[in-house]
Amino acid sequence: MQQPVSSLFSAADRERITAAVRQAESKTSGEIVPYVIGRSDSYEEAEWRCGALLGTAALAAFSIIYSYTSIWLPLSVAELVIVALLA
1 MQQPVSSLFS AADRERITAA VRQAESKTSG EIVPYVIGRS DSYEEAEWRC
51 GALLGTAALA AFSIIYSYTS IWLPLSVAEL VIVALLA
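Residue numbers are given in my numbering: position 47 of the sequence shown equals residue 47, and the series is strictly consecutive.
Hints should not be assumed to be uniformly reliable.
[What the hints assert, rightly or not] Derived CB-CB ranges, DEER-like:
{"id": "1", "residue 1": "14", "residue 2": "63", "range": "52 to 60 Å"}
{"id": "2", "residue 1": "4", "residue 2": "32", "range": "32 to 40 Å"}
{"id": "3", "residue 1": "5", "residue 2": "30", "range": "16 to 24 Å"}
{"id": "4", "residue 1": "68", "residue 2": "24", "range": "46 to 54 Å"}
{"id": "5", "residue 1": "64", "residue 2": "40", "range": "36 to 44 Å"}
{"id": "6", "residue 1": "8", "residue 2": "86", "range": "43 to 51 Å"}
{"id": "7", "residue 1": "55", "residue 2": "15", "range": "41 to 49 Å"}
{"id": "8", "residue 1": "85", "residue 2": "43", "range": "38 to 46 Å"}
Since the hints were derived computationally from the structure, they do not count as laboratory data. Note that the Cβ used here is the ideal one computed from N, Cα and C, for glycine as well.
Between the sequences and the hints, there should be enough to build the whole structure, so can you do that?
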């Protein structure tokens with residue numbers, strides 16, 4: 001069910017939005033159109049991107065620790081890459 005904008009924002013809020021859009025548009029050749037929706041997208045790709053980023057960070061951390069200490073079992077960097085990819 002759609003609600004009128006007046007029920008979502010007060011007159012002062014709408015004026016602040018208008019002023020902010022006007023100020024931003026004065027600095028660019030583009031046009032800004034504020035749009036209110038009930039729910040944003042779920043961003044499904046964010047999950048695998050986060051996993052890839054964390055896997056890469058873990059690999060980097062383990063590689064650095066492995067390079068400077070002898071507390072790890074003798075693993076090569078290639079084996080660490082395989083473990084990170086399989087995780």
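Against the structure, the hints come out as follows:
1. 14 / 63: 52 to 60 Å: Holds, since residue 14 and residue 63 (Cβ atoms, about 54 Å apart) stay within the stated range.
2. 4 / 32: 32 to 40 Å: violated (21 Å)
3. 5 / 30: 16 to 24 Å: holds (22 Å)
4. 68 / 24: 46 to 54 Å: At 48 Å between Cβs, range holds.
5. 64 / 40: 36 to 44 Å: holds (37 Å)
6. 8 / 86: 43 to 51 Å: holds (48 Å)
7. 55 / 15: 41 to 49 Å: For residue 15 against residue 55, whose Cβ atoms are near 48 Å apart, the range 41 to 49 Å holds.
8. 85 / 43: 38 to 46 Å: violated (24 Å)
When the structure is compared with the earlier hints, violations turn up for hints 2, 8 and for no others.
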